Every structure is written in structure tokens, then in C-alpha cells.
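A.B. asks: Residues per chain are reported as follows:
There are 2 protein chains.
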Amino acid sequence: MPTYKAPVRDMRFLMNEVFDFESHYKTIPEGEEATPDMVEAIIGEMAKLCENTLAPLYQTGDEEGCKFEDGKVTTPKGFKEAYDEFVAGGWQGLSHPVEFGGQGLPASLGLIKSEMMATANWSFTMYPGLSMGAMNTIQMHGSDQQLQDYLVPLTEGRWGGTMCLTEPQCGTDLGQVKTKAEPQEDGSYKISGTKIFISSGEHDLTENIVHIVLARLPDAPKGTKGISLFIVPKYLPGKIGEDNGVHCGSLEKKMGIKASATCVMNFDEATGFLIGPENQGLECMFTFMNTARIGTSIQGLAHAELSYQGALTYAKERKSMRALSGKKEPDAIADSLIHHGDVRRMLLKQKAVAEGGRAMIYFAAQYADKMISAAQADNDEEYKKWDDELGFLTPILKGFLTEKGLEVANDGMQVFGGHGYIKEHGMEQIVRDARISTLYEGTTGIQALDLLGRKVLLLTKGKCVRDFSKKLVDFGTKNLRDPKLRPFAWKLLKIAAEWNYLTTRIMLVAAKDRDVVSTASYDFLMYSGYAMMAYFWALQAGVARDKLENGGNEPAEFYKAKLATAEFYFDRMLPSAKAHADAALKPTKSTMQLKPEHFSFDYE
Amino acid sequence: MPTYKAPVRDMRFLMNEVFDFESHYKTIPEGEEATPDMVEAIIGEMAKLCENTLAPLYQTGDEEGCKFEDGKVTTPKGFKEAYDEFVAGGWQGLSHPVEFGGQGLPASLGLIKSEMMATANWSFTMYPGLSMGAMNTIQMHGSDQQLQDYLVPLTEGRWGGTMCLTEPQCGTDLGQVKTKAEPQEDGSYKISGTKIFISSGEHDLTENIVHIVLARLPDAPKGTKGISLFIVPKYLPGKIGEDNGVHCGSLEKKMGIKASATCVMNFDEATGFLIGPENQGLECMFTFMNTARIGTSIQGLAHAELSYQGALTYAKERKSMRALSGKKEPDAIADSLIHHGDVRRMLLKQKAVAEGGRAMIYFAAQYADKMISAAQADNDEEYKKWDDELGFLTPILKGFLTEKGLEVANDGMQVFGGHGYIKEHGMEQIVRDARISTLYEGTTGIQALDLLGRKVLLLTKGKCVRDFSKKLVDFGTKNLRDPKLRPFAWKLLKIAAEWNYLTTRIMLVAAKDRDVVSTASYDFLMYSGYAMMAYFWALQAGVARDKLENGGNEPAEFYKAKLATAEFYFDRMLPSAKAHADAALKPTKSTMQLKPEHFSFDYE
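Read top to bottom, the protein sequences are chains A and B. Residues 0 to 603 in numbering that gives the first Met the number 0 are what the first sequence spells out, letter by letter. Residues 0 to 603 in numbering that gives the first Met the number 0 are what the second sequence spells out, letter by letter.
Possibly wrong hints are sitting among the right ones.
A pair holds if it fits inside one copy or across any two, identical chains being indistinguishable in the list.
Said to hold, decoys possible - Calculated pairs, EDC-like style, for lysine to aspartate or glutamate (alpha carbon to alpha carbon, straight line, at most 16 Å): (1) 47 with 581; (2) 179 with 268; (3) 483 with 406; (4) 4 with 601; (5) 462 with 387; (6) 253 with 423; (7) 221 with 203; (8) 4 with 50; (9) 252 with 63; (10) 594 with 328; (11) 318 with 166; (12) 469 with 206; (13) 559 with 601; (14) 252 with 62.
Treat the hints as calculated values from the structure; they're not laboratory data. Everything numeric in this text was worked out from a predicted model, so none of it was measured.
Please model the complete structure; the sequences and the hints are all you need to start from.
C.D. replies: Laid out in C-alpha cells, this is it:
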């Protein structure tokens with residue numbers, strides 16, 4: 000079983016040397032308290048909680064799973080105590096307003112906290128993570144009374160929260176939602192319907208659970224324009240313990256994340272309260288979708304990191320065969336796995352995704368800070384600007400990082416050979432847990448449509464790609480004469496040109512043939528992910544080169560490893576971008592021409 | 000849960016229209032009885048057994064798993080009855096000699112049988128599959144007495160068999176094997192040691208189990224040159240029920256293939272018998288390695304097919320959103336998934352891997368027929384020729400098909416969205432079961448080393464690539480003027496040139512820098528897989544085009560689907576080949592330069 004160690008050296012590198020969080024924090028009110036000392040203290044304390052409390056429950060949580068009996072859900076042994084410790088530390092409200100019981104620190108610190116928790120124990124992290132969704136929705140759209148009634152206990156962590164969207168007949172296509180809301184004379188509503196796949200829908204960690212539920216008012220318009228949002232608590236405020244018609248019907252049996260309770264939730268005339276305007280539930284729901292999706296994209300990075308930690312440890316211990324270029328450990332019965340080129344290929348891929356993904360998340364976290372800061376200040380223009388910037392990043396982060404996270408979690412298993420398949424080593428659990436990440440919070444296909452169809456074509460006509468790719472061009476032109484950075488610079492210039500070409504070409508086709516949006520979207524998303532990660536690896540390589548030449552480079556091997564990993568990424572991973580570009584530019588007919596009725600495995 | 004339907008139309012297409020098995024069977028003695036009527040009867044009967052008996056046990060077998068109590072292993076409910084039905088049908092000895100109780104049919108029919116069983120229920124199929132390994136070893140290297148004592152009951156299926164190679168300290172690196180063989184005065188040996196990961200090591204399906212065990216004689220040379228092969232039965236012949244010191248110590252808890260018993264086997268002075276010459280155990284073991292590995296490569300195809308069957312059925316039923324080019328099912332609440340481009344991308348990938356993989360296996364199966372036919376006739380020269388031909392194909396089939404099989408099994412889950420993660424739909428089981436395929440029988444990394452280091456560089460200096468790529472050139476030059484086939488022809492010519500260029504370049508580098516073999520091997524393997532599958536898709540497209548234009552095309556949609564899938568493969572999947580070629584040609588230093596001690600996740 001991998002023993003989680005918080006990668007604090009890399010976190011400090013990104014915060015202090017690559018992105019300069021200290022200066023960034025000076026630009027937002029929430030950053031006032033986020034002094035370097037405070038940040039260090041938070042990272043240090045969170046690392047302890049993760050390494051000592053959460054990580055040891057990762058494998059046992061999977062083995063034991065959640066139990067369902069008489070409508071009650073019991074989380075695995077140790078989860079309640081760990082949650083209490085988490086609450087006692089004030090961690091839930093870390094980046095929520097002081098007026099509701101939070102610590103008022105920047106959202107980015109919340110994401111940095113989440114990454115450590117996610118890597119130590121993803122299933123555990125989902126409980127406070129889902130609460131976050133409810134908290135953000137209430138904070139943004141709730142009335143003053145709702146803020147007091149719900150946001151305060153949620154921020155304190157005394158209560159948990161959920162998002163209740165999916166129903167048996169629909170997940171992605173929320174226009175099909177059937178759950179009903181009947182208005183009552185007192186201004187409340189009776190909510191009735193069945194929701195499925197509700198993470199943290201019922202559990203024993205908190206005294207109450209606040210459900211944010213999508214439902215339809217009587218005579219609401221059909222489809223997505225007739226959906227409203229409701230707060231439906233397990234127990235009404237002040238009536239803890241009194242049944243409100245909210246019940247868990249069963250737990251889903253899943254491939255992984257077994258310590259996370261995935262519930263079928265039945266609402267039987269449960270009392271609920273409208274939040275936000277009538278029939279605008281989906282818009283309200285999507286307000287914080289970007290931050291929620293960044294939260295999920297962290298899973299990609301987290302499982303890459305954890306699997307890398309496990310695989311690297313094994314690769315240094317396990318002896319097998321001799322290196323092709325001659326014995327490396329002549330006194331041992333064989334050389335360690337790490338001396339074999341193909342094992343290194345897998346380890347470097349893992350390292351590239353974990354550290355490249357971390358850089359992408361930290362970068363986006365600064366945008367999230369700015370967006371939330373603008374929201375707190377009711378500055379709509381600034382809010383929209385940063386929400387749009389984030390809107391371009393999130394489908395790439397969510398889609399690309401979870402796909403690559405799953406891929407390199409599999410690589411980690413592969414490093415173990417047959418042992419990777421055996422439960423006790425813990426490597427297969429990471430793969431099973433990672434597998435959900437490309438499915439929920441919008442599948443990869445949905446992220447791809449959101450990116451290409453909405454963000455790139457509809458909303459910005461390619462401007463978002465042009466804007467972001469300027470960063471690649473800037474790095475490229477600035478470093479083209481630096482002997483160490485030239486290969487990165489040169490390739491970034493090529494990628495920037497190709498990314499824009501790809502966007503323009505698809506845009507031209509889409510004007511005549513809408514199908515291109517769905518046939519090219521996945522490849523466009525993956526291309527964008529490779530391109531974006533290339534930029535962040537070049538950026539890290541630039542800092543590393545600078546430190547190695549100009550000092551401040553303790554330990555030197557950290558920086559050498561950065562340069563070597565960047566080189567590996569550009570040489571061995573980036574070529575896949577071209578394959579995605581080639582595929583994306585092919586005629587739509589190669590995907591669309593076969594008639595649905597001719598698709599078969601059983602031709603007569 | 001996918002309901003397995005044997006893809007008999009595609010099987011007939013390959014046997015009768017693409018590869019002409021009828022003529023092929025006339026060239027080998029074993030083919031005499033394999034008349035078209037006989038082949039049809041075998042396919043029909045096997046399809047029934049698979050669809051009606053084996054497939055219904057697939058999901059229940061996973062849920063129940065194998066049980067271990069008091070040294071005994073119990074297979075899941077229904078397995079024993081299904082195995083008895085399998086034995087009663089004479090299926091185990093289908094392609095083994097009549098003189099030992101078999102039906103004497105060609106090896107290729109055995110592989111075609113295996114594909115159906117593998118797809119219907121992989122875990123079940125492993126029991127008779129492992130026996131096959133023992134049967135082949137005994138047939139090739141056993142004394143007359145051993146043939147009578149062991150091969151007959153194995154061929155009848157009354158006894159099962161295993162291969163006992165791996166020990167806790169070594170899997171790939173068998174030179175580290177420690178199990179001891181002490182010679183006894185009666186010519187037998189006392190075998191002592193522990194073997195792990197022994198599939199079918201203990202179970203309740205057969206009255207006896209014959210283990211083929213790698214062990215060391217006293218004073219044997221160190222490493223691989225001091226390993227001998229032994230037959231060690233659970234019960235000695237004629238002494239059924241009398242303990243022979245062969246015991247199952249425990250069952251491994253695994254990610255998947257839970258109905259297959261993976262045993263720790265303890266040999267405590269168990270009586271065994273030398274098979275083959277002293278200290279040449281590894282060579283003997285590897286005699287039939289090619290056929291064993293083709294057997295495992297079938298798993299890639301099987302899981303691609305089963306996942307495709309499940310995903311296609313769901314994609315035609317589930318309604319979600321509207322197609323981008325306008326409503327396709329205006330009377331329904333939404334369009335079926337199959338109308339969405341990104342879902343089609345995944346389905347077509349699955350279809351391309353399943354049917355392309357099937358073509359690759361059927362092609363290799365004819366080589367296996369010729370090799371085995373030569374072996375039966377003691378024609379060493381012919382045997383070596385076909386063994387060499389197969390030796391080039393097997394690492395590609397095993398490495399590429401299992402990797403792609405796993406990938407598209409994941410695609411099938413993805414088509415289901417969140418439901419794919421839930422056990423009851425059966426899609427996640429396919430992924431868990433498929434996951435072992437890239438690990439056992441030599442990991443993908445080992446296949447890649449075998450292909451590039453041994454088959455391509457050491458043994459043939461690139462000739463095997465030159466020879467195989469001639470097929471691509473032949474197809475290309477022949478069809479360059481055919482308007483329908485021109486795109487395939489043109490790309491095959493390019494691929495043939497690139498494949499040889501890649502081989503030559505790596506060969507030149509390898510002369511100075513051995514590390515290239517291990518840093519480029521994986522990408523070279525994947526490139527070779529894409530190239531080879533391209534050829535077999537072009538071949539199928541050629542036949543389909545011919546049938547559509549010249550008649551004999553019932554049903555026409557089958558042939559149209561072939562052409563459409565070929566086009567999809569060339570347009571959307573083949574671009575990945577170039578990415579692998581690009582990566583393979585990068586300097587070794589991008590993988591090798593980082594010192595092992597600088598590889599870390601925890602820099603101080």
C-alpha cells in the first residue's frame with residue numbers, strides 16, 4: 000500500500016517560485032491573512048492530518064465500504080473520528096467567509112488543501128467536498144435566512160451537504176428531471192421524487208444533511224427551462240431528529256470509491272425551500288460549476304500522485320533482470336526495476352501528469368480566487384471576466400487531467416506486474432477509484448462538448464484559444480535563444496500555431512456541418528490538454544533552469560528532476576497531441592456515416 | 000449486463016471470405032476432418048454452450064468468487080456443472096491428437112472455440128485454458144509413459160493442469176527461481192518450494208490437477224541455465240485421493256477474474272517427475288509459449304467484443320440530449336446515445352478493435368496450424384519456420400490487443416456514463432477482468448522487449464518487419480487505383496515505409512546505445528500493432544468492397560459496416576501510430592538521464 004507523503008517541496012515550488020502566490024494574495028481582500036507564514040502553517044498542518052489520519056483509512060475504507068441498514072448508512076471504521084478531527088481543525092470553512100463561521104482565506108488555499116486530502120483518501124474527501132457544492136450554491140443564491148439557517152452549520156462542518164441532480168432516466172440531460180415541487184401556503188414546497196447517484200446522500204458523519212435538489216414546479220415549462228432549485232434538509236432547522244420525508248433507499252454497489260456513500264434518495268413530500276428564482280435552477284446550479292469541476296479535476300492529479308508514490312517506491316525496491324546497458328547493482332541478485340527503460344517511461348509519465356497537473360490546478364486556483372473575490376465584492380464585470388477565463392480552463396482540466404490520471408494510475412499498477420492486480424498492494428484500488436473521475440461531474444465527452452461547442456465556438460469564436468496560446472508564444476519567443484530552453488520554446492511556438500489552426504479549421508467546418516462538433520470534440524479536448532500541460536512544463540523548466548544557474552536551488556536534484564521530466568514530457572508524451580489533431584481534422588463521415596440500424600454485433 | 004451473442008457472421012466472414020480456411024485445411028493433415036460442415040457444427044454448438052451455459056455465469060461468478068476453506072477451493076455456483084457439460088462435449092481435446100483421446104482437429108479451431116468461451120466467461124475459460132498449457136508441454140516433451148499417464152486424462156478434461164512458474168521474489172526474472180528438486184532412488188524427485196499466482200492451482204472441477212513446475216536440481220548452475228521442468232500431480236496416477244504434498248496455501252484477493260482461483264501453491268517434498276532434459280526447463284517451457292500467448296491475446300479481443308455488445312445495446316436504448324445536426328427521434332423525449340458523435344467514436348473504436356483483433360488472431364491461427372502440423376510430423380525445418388513467423392506475431396498480438404482491449408473495455412463503461420460504474424450493469428467487471436491481461440503471460444513491457452530486442456534486432460536484424468510489411472506494400476500497390484480502396488492503399492504504403500524506417504533507425508542507435516531497446520520498445524510495439532491492424536482492416540475492406548460490388552453480400556449492411564469501420568480505423572485511430580513512432584525515435588536520455596536516487600516525490 001502506498002504510504003502518502005504530501006509533496007510539500009513541489010507545492011512550495013509552485014506557490015513561491017512559479018506562480019508567486021505571495022504577490023497574488025496581495026491583490027485580493029481574502030489574501031490579507033494568507034501570509035507566507037500562514038500558508039506554511041496550513042500546508043504543514045494539513046499534511047499531518049492527511050498523512051497520519053486520512054491516508055491510513057484509505058485501504059481499510061475500501062475493504063469495509065459503507066453499510067446500509069434500516070435506512071441508515073454507516074461509514075467505515077475511523078471515518079467519523081477523522082471527520083471530527085477535520086471539523087475541529089476548522090478545515091471545512093477554510094476559504095469561506097468569516098461572517099458564516101469560515102476562516103475567510105482564499106479559494107486557492109481550499110484547492111491546495113483539497114489536493115492533499117484527495118490524494119490521501121479520495122472517498123473520505125468526497126463528504127466535505129459535496130458539502131462544498133451545497134455551501135457555494137447557498138452562499139451565491141440563498142436568502143439571508145437561508146444563509147443563517149444552512150450556511151453556518153455547513154461552514155462549521157457540523158452539517159453535510161449534497162447536490163441532487165441525477166434521476167434514473169437522466170444524468171447529463173437534466174431537462175428530463177421529473178421530481179416535483181408543490182407550493183405550500185407557508186411559502187415552502189413539498190418535494191417528491193427519486194434521485195440517484197447522490198454522493199454523501201446519507202451517512203453518520205454529521206448531525207444533519209442539506210440537499211440541494213433540482214425539481215419542477217407545477218406547470219413549469221418543459222425541458223431545462225422549467226427546473227428550479229430547492230434546499231431540502233434531512234431535518235428541518237430546529238427539528239433535528241424529526242423525519243422530513245428524505246430517505247436513503249439503497250446504496251449503489253460500485254467499482255470503487257467504496258467508502259463514499261452513493262445513495263438512491265427518495266423525497267416523499269419532503270419540505271423544501273426555493274433557492275434562486277423559479278425555473279432558473281439550472282443556471283443557479285451552474286454558477287459554481289467551474290469551481291466544482293476544478294475540484295473533480297483534482298482527482299486526476301491526486302490519483303496520478305498516489306499511484307506514482309506507490310510505483311516509485313516499488314521500483315526502487317524490487318529486483319528483476321539486468322539493465323540493458325549492463326549491471327547496475329552487481330552485488331544484488333538483479334537490478335532494481337527503476338533501471339529499466341520501460342519502467343522509467345511509466346514513472347516519468349506519472350510524474351509528468353502529477354506535477355504538470357498540479358501546476359495547471361494552481362494556475363487555475365488563482366483565477367478562482369479572482370472570480371470569487373469579484374463575486375464577494377459584487378463586481379459583476381470582474382466576476383464575468385474571471386468566470387469566463389475559468390470557463391475555458393475547467394473542461395480541459397476536468398477532461399484531460401482525469402483521463403490522464405486514470406491512464407497513469409494504470410501505469411502504476413503496471414510497474415508492479417502481476418502484484419499490481421492483488422488487492423493488498425493497494426495499486427488496483429487507485430485505478431478503481433480513479434475510474435469514476437471521467438464519468439461524474441460531466442463525462443469526458445460532456446467536457447469536450449462544453450469546451451469545443453460552447454466555450455470555443457459559440458461563446459468566443461476561438462478567442463479563448465487565441466488568448467491562452469499567447470502565453471505559449473510569449474514563452475517561446477522569449478526563450479528561443481536560451482540553449483537549455485530552446486527545444487521547449489520552439490515546440491511551444493509550433494503547438495500555439497497548430498492549436499489555433501485546429502480551432503479555425505473546425506470552426507470553418509462547423510459552419511456547414513454541425514456534426515464536427517461532436518466528432519472532433521474529444522480529440523480537440525485532448526489536444527488542448529496536451530498543449531496546456533506543455534506550457535506549464537516549459538514554465539517549470541524555465542524556473543528550474545534559472546535556479547540551477549543562479550542559485551537558490553536546494554536541493555539541486557529537485558530542479559534537475561524538473562528539467563528531466565519536462566524533457567520527457569516534450570519528447571515522449573507531447574507527440575500524442577499531433578495524433579489528436581490529425582484525428583480531429585478528419586471528415587465527420589468516418590464517424591457518422593454508419594446508420595444506427597446497421598451498427599450491430601449480430602448481423603443475420 | 001451484456002448478453003453474449005457469438006458473432007458468427009463475422010467469424011464466417013473471416014474463415015470463408017477473408018482467409019479461406021477451407022483451402023488452408025486441405026494443406027494440413029489435421030484439416031482433413033475439418034470440412035465446412037464440421038466447422039459450422041463446431042461453431043454452432045460452441046456458440047450454444049457459450050450463450051446458454053457460460054455467459055449466464057459470468058456476473059454471478061464475479062459476485063460469488065472462489066472460496067477457500069480447509070485447503071479446498073470451491074468455484075462459484077454452476078461452474079462445476081458447466082465444466083462437466085464442456086467435458087461431455089469433448090471440447091477440451093478438440094485440437095489434440097486422437098491417440099490421446101482428442102478429436103485431432105486443427106489448432107486454429109481450438110483458438111476459434113477459445114474466443115467464444117473467452118468472451119462469454121473469461122474466468123471460467125481460464126480453467127481449461129491452463130490445462131492446455133500443461134497438455135502442450137507434456138505432448139512436446141513427455142516420455143511415452145507421461146503421455147499415457149497424464150496427457151490422456153488431461154485431454155479428456157477429467158484432470159486439470161497448471162503452469163507453476165512465479166515465486167514471491169520473481170515473476171519475469173525466472174532465473175531467481177528457488178524451488179528445489181531432490182532426486183530419489185526410484186528416478187522421481189521430491190519437489191519443495193512455494194509458487195504464487197497459480198491460476199487453477201486448486202479447484203473442484205476435476206478429480207486431479209497436474210502441475211508443471213519450474214525447479215532447481217541440486218548443484219544446478221545459477222540463473223536461468225539451472226532450471227528444470229517437473230510434472231508434479233496433486234495425486235499420483237492410480238493414487239487419487241492420497242496426499243502428495245501439494246497444497247493450496249491461500250487464494251489471492253484480486254481486482255477481477257474473481258471466479259478464477261489464483262492460488263499460492265506449497266510443494267512439501269511432493270513427488271514429481273522430470274520432463275525434458277535437466278537444466279533446460281526454460282527452453283521446454285517456452286516451446287509452446289507462442290501459442291499460450293496467442294491464447295492470452297484473445298482476452299483483448301474478447302473483452303473488446305463483450306464491452307462493445309453491452310455498450311451498443313445501451314447506446315440504442317438510452318435517450319439523452321438531441322443530436323447536434325437536429326432531432327433524430329422527434330417523438331421521443333430525447334435522441335438515443337448512438338446519434339451522438341462522441342458515443343459513436345467509442346463504439347466504432349470498440350468494433351474496430353474487436354473485429355480487427357479477430358482478424359489478427361485468425362490469421363495467426365493458420366500459422367499455428369502449420370507450426371503444430373510440422374511438429375506432429377517431426378519436420379524441424381518447417382516447425383522452425385512457422386514458429387519464427389508466429390514469434391514475430393505473438394508479442395504484437397499479446398501486447399497490442401490486450402492494451403487496446405483494456406482501453407475499449409473502458410470506452411464501453413464510458414458509454415454508460417455514471418451507470419457504467421455501477422456493478423449491476425456488468426460493464427465495470429469487464430474492465431476489471433481485462434486489466435489482468437496486460438500483466439500476466441509477460442507484461443506489455445516484456446512483450447515489447449521480446450519483440451524489439453529479441454525478434455526484431457537480435458534474431459532477424461529487422462527482416463521480420465521487412466517481410467511482414469511486404470504484405471502492406473502488396474495490398475497498397477495492388478489497390479492504389481481502386482477509388483474505394485485508394486485511401487487504405489496509400490496509407491498502407493506510407494506505414495510500410497515508416498515501419499521499416501523506424502526499425503532501421505532504432506537498429507542503428509542500438510549498435511551504440513543499448514538503452515534504446517528498452518526506452519523505445521513500448522512505442523515500437525504499439526506502432527507495430529497499429530500497423531498490423533491497419534493491414535487487416537484494409538484486407539477486410541477489400542473483401543467487403545468486392546462483395547458489395549459483385550454480389551454474395553448478404554446482408555449488405557454487414558459489408559457496409561466493414562467499410563465504415565475500416566475508414567474510421569484509418570481516419571481516427573491510425574494517427575496514434577505516428578505519435579508512437581515520434582516518441583520511439585527520441586534520444587534515450589529523455590528517459591534515462593534522471594538518476595535513480597534523484598527520482599522522488601519527497602525532496603528534502
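A.B. asks: All the hints need checking, so say for each whether the structure fits it.
C.D. replies: Hint-by-hint comparison with the structure:
For the homomeric pair residue 47 and residue 581, neither the shortest alpha-carbon distance inside one copy (46 Å) nor that between copies (43 Å) is at most 16 Å. Proximity of residue 179 and residue 268 under a CA criterion of 16 Å is satisfied intra-copy only: 9 Å inside one chain copy versus 72 Å between copies. When the C-alpha separation of residue 483 and residue 406 is checked against a cutoff of 16 Å, the pair qualifies neither within a copy, at 30 Å, nor between copies, at 37 Å. In this assembly of identical chains, residue 4 and residue 601 lie within 16 Å of each other by CA distance solely across copies; the values are 7 Å between and 51 Å within a copy.
Taking the closest pair of Cα atoms, residue 462 and residue 387 come within 16 Å of each other only inside a single copy of the chain (11 Å); across copies the shortest separation is 56 Å, beyond that limit. Within a single copy, residue 253 and residue 423 get their C-alpha atoms only as close as 19 Å, which misses the 16 Å cut-off; across copies the closest is 9 Å, which meets it. Taking the shortest Cα distances, residue 221 and residue 203 never come within 16 Å of each other, neither inside one copy (37 Å) nor across copies (59 Å). For the homomeric pair residue 4 and residue 50, the shortest alpha-carbon distance inside one copy (6 Å) is at most 16 Å, but the shortest distance between copies (49 Å) is not.
Proximity of residue 252 and residue 63 under a CA criterion of 16 Å is satisfied in both settings, with 13 Å inside one chain copy and 14 Å between copies. When the C-alpha separation of residue 594 and residue 328 is checked against a cutoff of 16 Å, the pair qualifies only between copies, where the shortest distance is 14 Å, while the shortest distance within a copy is 60 Å. In this assembly of identical chains, the alpha carbons of residue 318 and residue 166 lie at most 16 Å apart only when taken from different copies (13 Å versus 51 Å within one copy). Within a single copy, residue 469 and residue 206 get their C-alpha atoms no closer than 50 Å, and across copies no closer than 72 Å, so neither meets the 16 Å cut-off.
For a Cα distance limit of 16 Å, the shortest separation of residue 559 from residue 601 across copies, 14 Å, qualifies, whereas the shortest one inside one copy, 56 Å, does not. Taking CA atoms no more than 16 Å apart as the test, residue 252 paired with residue 62 passes in both settings, with 13 Å inside one copy and 11 Å between copies.
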